[in-house]
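Residue numbers (the working numbering), protein chains in the order written: chain A, 4 to 291; chain B, 74 to 208.
Read the hints as simulated data drawn from the structure, not as lab findings.
Keep in mind that this is a model prediction, so the values were computed, not measured.
Treat the hints with care, as some may be off.
Derived BS3-like pairs: lysine-lysine, alpha-carbon spacing no greater than 27 Å straight-line [as the list claims (entries may be wrong)]:
| hint | chain 1 | residue 1 | chain 2 | residue 2 |
| --- | --- | --- | --- | --- |
| 1 | B | Lys199 | A | Lys268 |
| 2 | B | Lys203 | B | Lys139 |
| 3 | A | Lys268 | B | Lys191 |
| 4 | B | Lys203 | A | Lys268 |
| 5 | A | Lys268 | A | Lys120 |
| 6 | B | Lys191 | B | Lys203 |
Here is what each chain is made of, one letter per residue.
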Amino acid sequence: MKPLQKRLVPLLLLLCLTLTGCMDLLPPEHTSVSLEDVPAYAGEPYVAIDDNQPDFSEEDLTTESFESYSPLDSLGRCGAAYANVGVDLMPTEERGSIGQVQPSGWHTVKYDCVDGKYLYNRCHLIGYQLTGENANEENLITGTRYLNVDGMLPFENLVADYVQETANHVLYRVTPVFEGDNLLASGVQMEALSVEDGGEGICFNVYVYNVQPGVVIDYATGESALEDGATAGEGEAVTYILNTSSHKFHYPDCSGVANMSEANKETFTGSREELIAQGYEPCGQCNP
Amino acid sequence: MIPILCVDDSGGTMFNHRRQSQDRLLRQDVLAMVHGRRLWMNAYSLRQFQSQPEAPITVDEDFLAKAGPGELCFVEGLPLLPHMDRIEAVILYRWNRRYPADTYFDLPLSTYRLRETKDFPGSSHKTITKEIYTP
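Next comes chain A alone, as it looks inside the complex (with noise of 0.2 Å):
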């Protein structure tokens, strides 16, 4: 497609949206967090931002649940996913297959080092337990494993659970932010506000970090490589300390082996692929 014809191609959907009473559908316009404002990754998945406050507006404090997502840009690439989550958008049947949809920075590579092996995953902006959505690709993003499990995951836990538990809803907001016209997100703002309690139960705004340790990514393009002296890991033996009851496994010095029961203790010295391919998963907070 043309340059002109490109920057046509939203302005005209935004006038058919007008024109045709759909401006509902699309979510309010929203300004995410500037990446100059997040700090540098430092080992941690995600860090606060606007110290845990989301950026909802009071009328959008509803008790009708509501979903919406951002057409893609002119790259291709998705914008923010809205939904008040209410037990009523959540799925009751298991998620069907989204390996059709190719976005923004699609890369299928593999490195050892990587838990399940492939870098990247085709990441939900809300996550299917919460709303349902399979293939829908103005919802799925490229995303390495790390951004998936060990960032967004628990955060989409958080709130499932709250939602199952109290049948309130939940105000959730999932934005990716791109630096320039790079392919591949940066990171995810997400925020979220529980609604019948004001906040009590669920309130947080943080960013994520689409990053994978051990691997350079090239943002522009989704290209990647294995850092310098990192090793993919194979053969290499090193003393884990493993979770038996959780499939944890952790670094000895770990935080978590220190709370471990005893019963459930194991050392283990040998490479972390084959733990993975015995069914254990990294602990989230060493990332071993």
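Here the structure of chain A is known, so what remains is to put chain B in place on it, guided by the hints.
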């Protein structure tokens, strides 16, 4: 004093001053242990037990200092280390899920002995693991 706590896979208990999770069947399990003993908690925790108004709960913001021998304390986000010398047992519920955390369980469990463990399904958690430790 016997503290009762809930932790996630990384030993976390709270995020942004709020509990990580809750479960109706876990609360039933807690209340089933009371057997005439006093169950202490603060006002924040009471709000998740309000659907059981008949429960013998004593509410006090300084309950960890006031709880006596054999009495149960439902603890959310409070440090236990300062009270370690008075702890007779610890009852730990593991969510077996990951949540964000900025407050963590602070007792060195390696110095305790695991006496009892059982798994049970929660109302919104596939499997909750209950563990009882003694010093």
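Inset, instruction - Please work out if B/Lys191 and B/Lys203 have their alpha carbons no farther apart than 27 Å. - result: 5 Å, holds
Legend entry - Hint consistency between B/Lys203 and A/Lys268 [alpha-carbon to alpha-carbon, up to 27 Å]: The hint holds at about 16 Å.
Inset, instruction - For the pair we were handed, B/Lys203 and B/Lys139, check the Cα-Cα distance against 27 Å. - result: Distance of about 25 Å is within 27 Å: holds.
Inset, instruction - For the pair we were handed, B/Lys199 and A/Lys268, check the Cα-Cα distance against 27 Å. - result: Within the cut-off at roughly 22 Å; holds.
Legend entry - Restraint status (C-alpha distance of A/Lys268 to A/Lys120 at most 27 Å): 26 Å, holds
Legend entry - 27 Å Cα cutoff - pair A/Lys268, B/Lys191: 16 Å, holds
No hint from the list above goes unmet by this structure.
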